[in-house]
Amino acid sequence: MSKGFASSYRIVLLATGLFVCFGGVAARLVWLHVVDRDSLLKTINRTRQQYNPEVARRGDILDARGGLLATSSTQRVLGVDPNSLRPQDEPRWPELAALIGMPVSELRRIFTTRHRDVPAAPAVALQLGSLPGGGDDAEGDESVQASPPDASGRQLIRWVKLREDVPEKLHDEILKLGIKGVYFNQVARRAYPNQQLASHVVGYVNKQQEAVTGIEAYADFYLRGQDGWRVGERDGRNRELPQFLDRRVPASDGYSVKLSIDTHVQDIVEQELAYIAATYEPKKASIIVTDPRDGFILAMANYPTFDPNTYNKLPPEEHHRMRNVAVADVYEPGSVFKIVAVAAALEERIASTRSLFDTSSDRISHRGRVVPMPAEDHRFPNPQAVTLSEVVAYSSNRGAAYLAVALGEERFNRYVRGFGFGRRLEFPVGGEVAGLLRPVKDWDPIDITRIAIGHSISSTVLQMHQAMSVIANDGVLLRPQVIREVRDAAGEVVFRYDRVELDRVVSPDTARTVARLLMGVATKEGTAQAAAIEGYDVAGKTGTTIKLMDEVQPDGSIKKVYNRKHHIASFVGFFPAGRPQVAISVIVDDADHKAPNGVAYGGKVAAPSFRRLGEQLIPVLNIRAHRSPSAAAFAAHRAGSTP
Amino acid sequence: MRKNSRAFVNQLLVCLLVTMAFGGSIGLGIVWMRHQISVTAKANRALLAEINDVNRRSDALEAQIRGEQRPALLRELNQRFQLGLVPMNEVPVVHVTENVTQRMVERANRWSFPPAETREAQPVTFRLAHR
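Which chain is which? The protein sequence lines are A and B, in order. Per my numbering, residue 1 is the first one in the first sequence, and the count goes up by one each step. Per my numbering, residue 1 is the first one in the second sequence, and the count goes up by one each step.
There's no promise every hint is true.
[Said to hold, decoys possible] In the DSS-like style, the derived pairs of lysine-lysine whose C-alpha atoms are separated by at most 25 Å in a straight line are:
| hint | chain 1 | residue 1 | chain 2 | residue 2 |
| --- | --- | --- | --- | --- |
| 1 | A | K283 | A | K565 |
| 2 | A | K180 | B | K42 |
| 3 | B | K42 | A | K313 |
| 4 | A | K207 | A | K283 |
| 5 | A | K441 | A | K560 |
| 6 | A | K604 | A | K283 |
The set of hints was computed from the structure by calculation and includes no laboratory data.
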C-alpha cells in the first residue's frame with residue numbers, strides 16, 4: 001500500500017477545512033433560500049421585476065372591394081429628456097435643430113429648461129417611469145412629462161416632445177448624432193388613408209386610442225383585439241432581460257371589419273355632394289345609396305363632413321360636421337311620404353289604379369269635424385277625376401289625404417309604422433333616432449290629412465330611404481346594414497352578415513304596382529323629369545318640404561313656424577324600376593337662396609343629382625337596363641286608368 | 001490499521017477532488033448553458049423587435065400607398081398633369097340579347113361577303129404562272 005502524498009494529520013485538516021467551507025456555503029444558501037427568502041424576494045421583485053404590456057394591433061376597416069378605410073400604424077415621436085443631456089453633446093444641437101426643422105433658439109430653450117413650477121391645476125398628466133426606450137405604449141400627445149414635484153414644488157422635466165411622425169431616414173440621421181437624452185417613443189396611431197371619404201360611417205378613434213363614433217365605436221369589440229403582457233426581469237439600466245421571462249400572455253390582434261361601403265360609389269356620392277354644396281350652398285345635405293335587395297349601404301355621405309385624421313383640429317363651432325345627419329337628424333319628409341298612403345290603400349283594396357279622386361273640395365268631414373284639405377301644388381285640368389297614377393305623378397296632396405282618410409287612423413298608422421317610421425331601424429352607427437310619430441290616440445282629425453303628405457311627422461333620411469326600398473324590394477322592410485364580414489387577423493371570415501327582414505309591409509303585387517306608378521314621376525309629365533335616366537326606368541318621388549323654423553314673437557318668445565322661404569328638397573327613388581338594383585336618396589336642406597326662382601323644389605334641386613348619380617353608377621355597379629316589361633305595363637297602366 | 005486509514009483518506013481525497021472537478025464542470029456547464037440561453041433569448045428578442053419594426057414599416061407603407069391612391073388625390077393629379085383621364089362611362093361588356101350563333105355567323109359572313117353597298121367594283125384578275 002502506498003504511503004500517500006500527505007500525512008494523515010494534514011489530510012484530515014484539509015478535509016475538515018473543505019467540509020467547513022462547504023458547510024458554510026450550504027448554511028448560507030439555506031439562510032438565503034429559506035430563512036431570508038421572503039424579504040430577499042421582495043427586494044428582487046421591487047428592483048428587478050418588470051411588467052411589459054404588449055399592445056394588440058387594432059384591426060382594419062375595409063370597404064366592399066377590400067380597400068383600407070381605416071388602419072393602424074405606429075408613429076415615432078421624437079422627444080428629449082433635458083435632465084439627461086450631456087455638455088459634450090451641445091455642439092451637435094444646431095445640427096439636430098436643422099434636421100427636425102426647429103429654430104436653434106427654440107431647441108436651446110427646450111434643452112436648457114430642466115425644471116418647471118407645479119401649476120395650480122396640472123394641465124398635463126404625470127407619467128412616471130417614462131424612460132428612454134420604454135415607450136412602446138406611451139402616449140406621445142402630451143408634449144411635456146415631468147416627475148413628481150420636489151419639496152420646493154418644482155418638477156424635473158423628463159420628456160418634451162420635439163417632433164411627431166419622424167420618417168425612417170430622419171430617424172436614422174438623428175440616431176447617428178448620438179445625443180444622449182434625445183430619444184424616440186413609439187405611439188400607436190389610427191390612420192384613415194381616404195381622409196374624409198365615408199367618415200360619418202367609419203367614425204374615428206381618438207388620441208387615447210378610444211373609439212368614439214361610427215364603425216370604430218360600434219365594432220370596437222372586434223377591432224380592438226386584446227392586449228397581452230409579459231413579466232420578467234430588468235437589468236440595472238432598465239433593459240429587459242429576456243432570459244428571465246417569467247410569464248407571458250401574447251397579444252391577440254384585432255379582427256378586421258369589411259363594410260358594404262364601396263369606395264368608388266362613395267366617392268361618386270361625395271363628389272355629387274361637393275357639387276351640391278358649391279352650387280346651392282345648402283345648410284346640409286345627405287345622400288344614401290343602397291342595394292334594395294339586401295338592405296346593405298353602398299354609400300352614405302353628408303355635407304358638411306370632416307377628415308377623421310384631423311378631427312381634433314376642428315373648432316368647437318364646427319363639431320356639427322361630425323354628425324351623421326342622415327340618421328341622427330330628422331326632417332318632414334313631405335311628398336315622398338305619399339308612397340305610404342298609396343301603397344296602404346292599394347294593399348287594403350281601398351283604391352285601385354282605376355280609381356278616380358275628386359280633389360276639388362277644400363274641406364272634408366272627418367270624425368265629426370270639418371277638416372281643411374291641404375292645398376294642391378299642381379293644377380289638374382279635371383280636378384274632379386284624378387287617377388291614382390296622376391296622384392303619384394303630379395304629387396296630389398288631396399289625393400294622398402283622401403287615401404289616408406279612407407284607410408282610417410288605425411290602419412294608416414299601422415302602415416306608417418310598418419314602413420319603418422317612428423322606430424329605429426337598428427342601423428349600427430351614427431346615433432340613429434326614431435323620428436317623431438305621435439301615438440294614434442293623440443292625432444287630431446286634421447293630422448291624418450297632413451301625415452299622408454309627409455307633414456306632422458318627422459323621419460330620418462335613412463327611414464325615408466328604407467321606406468322607398470320597401471317598394472323596390474317587393475314589399476319587405478329590410479334592416480339597413482353596413483357591415484358585411486368580420487375577419488380575424490389571418491384574414492379568415494369569422495362572421496358574415498346577411499340580409500335581415502324586419503317586416504313584410506305590403507304584398508309583392510302591391511309593391512310592383514306602386515313601383516309602376518312611381519315611374520310616372522320621372523317622366524315628361526311628372527314632377528321629376530330631371531331624374532329620368534336614358535335607357536332605364538326610374539321609379540321615385542320628389543319631396544319639397546317647407547321648413548319649420550324658429551321665429552321671434554312680438555312678446556319675445558320663440559315659436560316654431562313654417563317658413564315658406566326655406567325648404568328641404570328631396571328625391572328618393574330606385575332603378576331599374578322593373579328589377580331594382582340601386583336605391584338613391586338625395587336630400588338637400590335649405591338651398592332656396594341659390595335655387596332657380598328662389599324655391600328649392602325636389603324636382604329641380606335633388607332630382608338632377610339622382611340622375612347624375614344613377615348615370616355614373618350604371619357602369620360601376622353593372623346595372624343592366626330592364627325596360628321592356630315594366631315600361632309596357634306602365635304604359636298600359638296609364639292608358640287603362642285614364643277616364 | 002494506520003496504513004488502512006491513510007489509504008482510506010487518500011481515496012477520500014481523490015474522490016473529493018473528482019467530485020469537485022465533476023461538480024465544477026457541471027457548474028461551468030450550467031453557466032455556459034445559461035449564457036447560451038441568455039444569448040438566444042436576447043437574439044429572439046432582437047428578432048422579435050425587428051419583426052415588429054418590419055410590420056410597423058409595412059403598415060405605415062400600406063397606409064401611405066392607400067393614401068396616395070385615394071380618389072380625390074388621383075383626380076387632382078389627373079388635373080395637374082393634364083392626363084385627360086375620364087371615368088369609365090360604359091360597361092366594357094356588351095350584353096348580347098339576340099341569338100349568339102346567328103350573330104357570329106353574320107359577323108363572319110360580313111367579312112367574307114361584305115354587303116353590296118360597301119363592296120367596290122373590283123376588276124377580276126388572274127395570275128398566270130410563268131413557265
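Outcome of the hint check:
no. : hint             : verdict
1   : A:K283 to A:K565 : holds (14 Å)
2   : A:K180 to B:K42  : holds (24 Å)
3   : B:K42 to A:K313  : violated (43 Å)
4   : A:K207 to A:K283 : violated (30 Å)
5   : A:K441 to A:K560 : holds (23 Å)
6   : A:K604 to A:K283 : holds (17 Å)
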